[in-house]
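Required output: the full structure, derived from the provided sequences and hints.
Note that numbering that gives the first Met the number 0 numbers the sequence shown so that position 175 is 174, with each residue one more than the last.
Heads up, a few of these hints could be off.
What the hints assert, rightly or not - Keeping only pairs whose Cα atoms sit at most 20 Å apart, straight-line, the calculated EDC-like set for lysine to aspartate or glutamate is: (1) 391 / 290; (2) 242 / 301; (3) 391 / 301; (4) 242 / 171; (5) 242 / 290; (6) 242 / 128; (7) 391 / 311; (8) 242 / 151; (9) 242 / 326; (10) 391 / 316; (11) 200 / 171; (12) 255 / 301; (13) 200 / 301.
No lab work stands behind these hints, which were simulated from the structure alone.
Owing to the predicted nature of the structure, the values given are computational and were not obtained by experimental measurement.
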Amino acid sequence: MRKLACLVLLVAACGDDGPVRHLDGGPVDSPKEVDGSLPTAVTLTVTSGGSPQSGIKVYFQGSDSSLISNTMTDSNGVASAIMPNGGFVTAIDPTSALGGGAFHAIYTFAGVKSGDQLLIKDDFSSSVDVTVTAPVDATAGVTSYLFSTPCDNTTVVAPGSAAQPQATLSLDGPCATMSDFLIASLDDGGQVLNWFYAPNKAVAAAVDLTASTYAAATPKSYTFTNASAFGSFNIDQLFVSSKGRVVTLSGGAFGKGSPYTGSINATPFTAALDVVDASASAGATEHHLLDWGPFSSTYTTDVGARLLPEFDLPAVDTTAHTVGWTESAPGVTPDFALTVLSAQRTGLGFIWNIAAPYSGATIAMPTLPTDVADFTITAADSTEFFGVALGKVPGGYDAVRANIFSVSGPEAFAVGASGSMTIEVWNMPRLARELPRLSRLDVPGFVSGIIQDRSRHSHWRK
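Here it is, written out as structure tokens:
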């Protein structure tokens, strides 16, 4: 591919205004200037469990679906092509166990810019079962213990008779050899009483944390103003280390009208990033307000000033080859849109994930080559939506495009020492029901991270 890039630039430099030809025999337009300079290569890297994935089909296309390159990832898991701004990059079955045969997983980056370094990855690797032993917390009212790491967590009933609490965790990915552990004692409402943090512990079949000392939880208050459109708020209080979210503590904010207030007993360990993910539903959409920064024992946000447009009923326009929806209420203009849909016909089924810059209530779908299969959705196909998401994030779509299919949750976009973002997702209940049967690789981690975190933390408390 590097030789091809040099060849294209050489031909352009020699003044040949006609089309050049790609090695696969297809025509490619001569490079045109982007912002006063020649376009540079867009690369896509595909990895699974930290290993490069070679032989993955990748299409590079212009904004009008014109084919720039039909290629495969190399031994480094990389495919690249020189392309102008605004085009599409699509990978077929990049890392999915469901891919191949009559069923496929498709990932499309829309609105790609010259020089982008795109990534599709998963962190799947062999897991290690670890039995963790914690000290007894003799505080009155302890009914259970939370064992939490960036890769797995569980809650166990207090063993009684002064027995030390134990839990078995399955650790993989960034926790396979070294992990952070946070242990908390909980009352019968799921609130933290006491806790301790044990970072960078070597992972072995048995991890003994009994020499650790508990500290009292720190109450944190939450206030939501200008929020009369909602009845209550779910709160996920995350504490994040360099390895990812170490713990999520859940609660709610309630009232008879705005403002809504609530509190959670927090575990602000040293050097933790404090991330609040507050959510509330209106109609078919769920709004997520995310804020991050150094720990603070108080949190206040103006909900109405942050809401994105309400929307409903996405549909495929098979003539225009777009996904569209109806926006029923105004709001802050989003930066990007994301859709997850499936299509089926006799002998073929696929899940298509598309990320695009926000352009009104529509997402353009590229017309893909047919060498793998004909993925053009027709009126005769059976289509179904797993979700549509809109996002307003620091730096806009440019800041999240490269990694939008590879993150483990929206907090991965919490860049800088502090900041805010707003995410709105349509059909969250449906997606939550479907996730158990879908590979995580077939739903963008950005969206599934929200759902999975909500479902796995059972100590949510009103």
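Do the hints match the structure? See the list:
With a C-alpha separation of about 12 Å, the suggested pair residue 391 and residue 290 falls inside the 20 Å cut-off, and the hint holds. With a C-alpha separation of about 31 Å, the suggested pairing of residue 242 with residue 301 is violated against the 20 Å cut-off. With a C-alpha separation of about 15 Å, the suggested pairing of residue 391 with residue 301 holds against the 20 Å cut-off. Simply put, residue 242 and residue 171 have alpha-carbon atoms about 12 Å apart, close enough for the 20 Å limit, and the pair holds.
Using a Cα cut-off of 20 Å, the hinted pair residue 242 and residue 290 holds, with the two alpha carbons roughly 19 Å apart. With a C-alpha separation of about 18 Å, the suggested pair residue 242 and residue 128 falls inside the 20 Å cut-off, and the hint holds. For the hint pairing residue 391 with residue 311, the CA-to-CA distance comes to about 18 Å; that is within 20 Å, so the pair holds. The hinted pair formed by residue 242 and residue 151 meets the criterion: a straight-line CA distance of about 12 Å does not exceed 20 Å.
Distance restraint check for residue 242 and residue 326: the Cα-Cα separation of roughly 38 Å exceeds the 20 Å cut-off, and the hinted pair is therefore not satisfied. For a cut-off of 20 Å, the pair hint linking residue 391 to residue 316 is broken: about 25 Å separates their Cα positions. Taking the CA atoms of residue 200 and residue 171, the gap is near 14 Å; set against the 20 Å cutoff, the hint holds. About 17 Å separates the Cα atoms of residue 255 and residue 301, which keeps this hinted pair within 20 Å; it holds.
Only pairs whose Cα atoms come within 20 Å are accepted, and residue 200 paired with residue 301 is rejected, the gap being roughly 40 Å.
When the structure is compared with the earlier hints, violations turn up for hints 2, 9, 10, 13 and for no others.
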